[in-house]
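Dock chain B against chain A, hints included.
Chains as they are written, first to last, in this note's numbering: chain A, 1 to 374; chain B, 1 to 111.
It is worth saying that the hints were derived from the structure and are not from the lab. Be aware that a few hints might be false.
[What the hints assert, rightly or not] Pairs of lysine to any residue residues, derived as SDA-like cross-links and limited to a Cα-Cα distance of at most 25 Å, are as follows:
#1 A/K73 x A/A111
#2 B/K82 x A/L71
#3 A/K362 x B/E68
#4 B/K44 x B/D9
#5 A/K299 x A/R364
#6 B/K82 x A/S297
#7 A/K73 x B/E86
#8 A/K178 x B/T90
#9 A/K299 x B/Q16
#10 A/K222 x A/L312
#11 A/K299 x A/R357
#12 A/K222 x B/F100
#13 A/K372 x B/A74
#14 A/K178 x A/I214
#15 A/K362 x B/I73
#16 A/K178 x B/D92
#17 A/K299 x A/Y11
[To be verified] Negatives, chain B to chain A, calculated, CB over 10 Å:
#18 R10
#19 R18
#20 D19
#21 N28
#22 Y36
#23 L39
#24 G41
#25 I46
#26 A74
#27 E77
#28 E78
#29 E80
#30 T81
Using N, Cα and C, we set each Cβ at its ideal position, and we do this for glycine too.
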Amino acid sequence: MTFRKASASTYILVSLLIVAAIGLLTGLHAGLVRLGFLAGTASAISPMAHGPLMVNGFLGTLIGLERAAALEKMWAYMAPVLLGISTILVLSGFMVPAKLLFIAGSFFLLAIMLYLYNMQPVAHHLIMALGAAALLVGNILFLFDPPIFNLVAWWAGFPLLTIFGERLELNRIMRPPKRAQHLFVALIVIWIAATAFSHINRPIGWAGASVSLIAQAGWLFKYDVARRTIRSVEWTRYSAISLLTGYGWLVLAGLFSLWQGFPTAGPMYDALLHMIFVGFVFSMIFAHASVIIPSLSGKLVPYHPYFYGPLLLLHGFLLIRVVGDLFWLPAIRKTGSYGNVAAILLFLGGILFFLLRDGLRKRRQFSMNQNKQA
Amino acid sequence: MNSKTPSIDRRRIVRQLRDVIDPELGVNIVDLGLVYNILSGDGKVIVEYTTTTPGCPMRRYLQQQIEEALSSIAAIEEYETKLVWEPDWTVDMIDREVEFFAHPPPRAQMS
Numbered sequence: 001m002t003f004r005k006a007s008a009s010t011y012i013l014v015s016l017l018i019v020a021a022i023g024l025l026t027g028l029h030a031g032l033v034r035l036g037f038l039a040g041t042a043s044a045i046s047p048m049a050h051g052p053l054m055v056n057g058f059l060g061t062l063i064g065l066e067r068a069a070a071l072e073k074m075w076a077y078m079a080p081v082l083l084g085i086s087t088i089l090v091l092s093g094f095m096v097p098a099k100l101l102f103i104a105g106s107f108f109l110l111a112i113m114l115y116l117y118n119m120q121p122v123a124h125h126l127i128m129a130l131g132a133a134a135l136l137v138g139n140i141l142f143l144f145d146p147p148i149f150n151l152v153a154w155w156a157g158f159p160l161l162t163i164f165g166e167r168l169e170l171n172r173i174m175r176p177p178k179r180a181q182h183l184f185v186a187l188i189v190i191w192i193a194a195t196a197f198s199h200i201n202r203p204i205g206w207a208g209a210s211v212s213l214i215a216q217a218g219w220l221f222k223y224d225v226a227r228r229t230i231r232s233v234e235w236t237r238y239s240a241i242s243l244l245t246g247y248g249w250l251v252l253a254g255l256f257s258l259w260q261g262f263p264t265a266g267p268m269y270d271a272l273l274h275m276i277f278v279g280f281v282f283s284m285i286f287a288h289a290s291v292i293i294p295s296l297s298g299k300l301v302p303y304h305p306y307f308y309g310p311l312l313l314l315h316g317f318l319l320i321r322v323v324g325d326l327f328w329l330p331a332i333r334k335t336g337s338y339g340n341v342a343a344i345l346l347f348l349g350g351i352l353f354f355l356l357r358d359g360l361r362k363r364r365q366f367s368m369n370q371n372k373q374a
Numbered sequence: 001m002n003s004k005t006p007s008i009d010r011r012r013i014v015r016q017l018r019d020v021i022d023p024e025l026g027v028n029i030v031d032l033g034l035v036y037n038i039l040s041g042d043g044k045v046i047v048e049y050t051t052t053t054p055g056c057p058m059r060r061y062l063q064q065q066i067e068e069a070l071s072s073i074a075a076i077e078e079y080e081t082k083l084v085w086e087p088d089w090t091v092d093m094i095d096r097e098v099e100f101f102a103h104p105p106p107r108a109q110m111s
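Bound conformation, chain A alone (with noise of 0.2 Å):
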């Protein structure tokens, strides 16, 4: 066994990776501060700023993280640090310049896309193009104020498209139709145009998105491969189940959106929101860790049946706190949301403790060979 040096790389990976979690934290502290608690404490951060941290600091700063270590070249950097330092300027009050940031971030984070669309004109590399393209457009409304409910679905479908263009990719092994993929493209599509013409119509326009997402959610049932990876083991059998649960959240929330239409603040408004960015964006981190990690760190993640935990706790929480919102039951939502803010902290918590440990004992087995040698 060699100890490999980190490079620089690794080390300017790592760091962003730091902040996108500093994104992810300090924005679930807000969506508690949300709650009630915390409130009026001298540390308290903006209860505001929880979904521009999560959409941005941490997605968006992830993301990019993902898309620049891919590409290897110092401009698309850009995207991360951007987006990474548009967290601290939130942190710091500075709303306006951070929200110019979050548009310039967020425009690099296209070109990284466009670029790689360039280099490969391929579906799903232009699905991932027009979820950094809603990125952009939810920015750039929210740089004018307006209410968050009528841009939180452009911040939506930066996750959605992403992680739609992701497995479209994977899935290319499972040979799926040449039909079938342009359906796919064609619903995604429909989605934007719906999304659009919810501006200008709001029942119509949300009911078309709704349905497009429910046909988008059942072509994943039917050819991702998570219906047979999930007779796995380990890691492969986790990523499949925390799939297929993602998925049947995004049926949940069209079908509740086209029963609710789309709300404008309240329980049912927060019910809606969670049930995609917890229920199927946090599923969806939940399953790619074990890529994500070691892609940017160079670190496999040790599997842990452990792991289960977090995700039980993930969708068991996110349902309390549906029912306390549907039923107008504030304890009750103000369960389930601790819940979740519990299930992401001990997810990751679960990994920071599996890497340190493995490092530590391969540490250990490397001193005790080299002494052995010597």
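Same frame as chain A, but now just chain B:
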């Protein structure tokens, strides 16, 4: 795959590269068709490889793993990895016999 000179056993290199597993697909990079060329001669080996897509963030991880595989072969004095984008990787490059996820993605080694 080509080899210019037989000075280093190419089968040995391929065998070592079969230990490099793409964590996302649970298949080694040789059977996935990600290794385009192995050029060897005078103790030096150059491995030309690709990723399933240019946006794949696994490139650094795969490069590290390939380098570790090459460094484990005593006959290789010098090695180099080259990431190439031409031709575009397609699913048709995957070995027909491959069974996806037949074994779990690589574990972080405990020893």
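Would you assess whether B/R18, listed as outside the interface, keeps its beta-carbon beyond 10 Å of every beta-carbon in chain A? The claim stands: B/R18 keeps its Cβ more than 10 Å from every Cβ of chain A (closest is about 18 Å).
Status of B/E78, Cβ more than 10 Å from any chain A Cβ: The claim stands: B/E78 keeps its Cβ more than 10 Å from every Cβ of chain A (closest is about 16 Å).
Holds or violated: are the alpha carbons of A/K178 and A/I214 at most 25 Å from each other? holds (21 Å)
Mind checking the alpha carbons of B/K44 and B/D9 for me, to see if they're no more than 25 Å apart? Measuring from Cα to Cα gives roughly 12 Å; hence the hint holds.
Given the hint that B/K82 pairs with A/L71, test it: the Cα-Cα distance must not exceed 25 Å. holds (14 Å)
Going by Cβ atoms, does B/A74 stay more than 10 Å from chain A at every point? About 13 Å separates B/A74 from the closest Cβ of chain A, which puts it past 10 Å; holds.
A/K73 paired with A/A111 [C-alpha distance capped at 25 Å]: holds (12 Å)
For the pair we were handed, A/K299 and B/Q16, check the Cα-Cα distance against 25 Å. Between A/K299 and B/Q16 the Cα gap is close to 20 Å, so the pair holds against 25 Å.
Given the proposed pairing of A/K299 with A/Y11, does the C-alpha separation stay at or below 25 Å? holds (13 Å)
Between A/K73 and B/E86, does the CA-CA distance stay at or below 25 Å? Cα-Cα ~18 Å, so holds.
Does A/K222 pair with A/L312 here, judged by a C-alpha cut-off of 25 Å? Answer holds: A/K222 to A/L312 is near 24 Å, not above 25 Å.
Regarding the assertion that B/T81 does not contact chain A, is the least Cβ-Cβ distance greater than 10 Å? holds (13 Å)
Against the hints set out earlier in the document, no violation occurs for any number.
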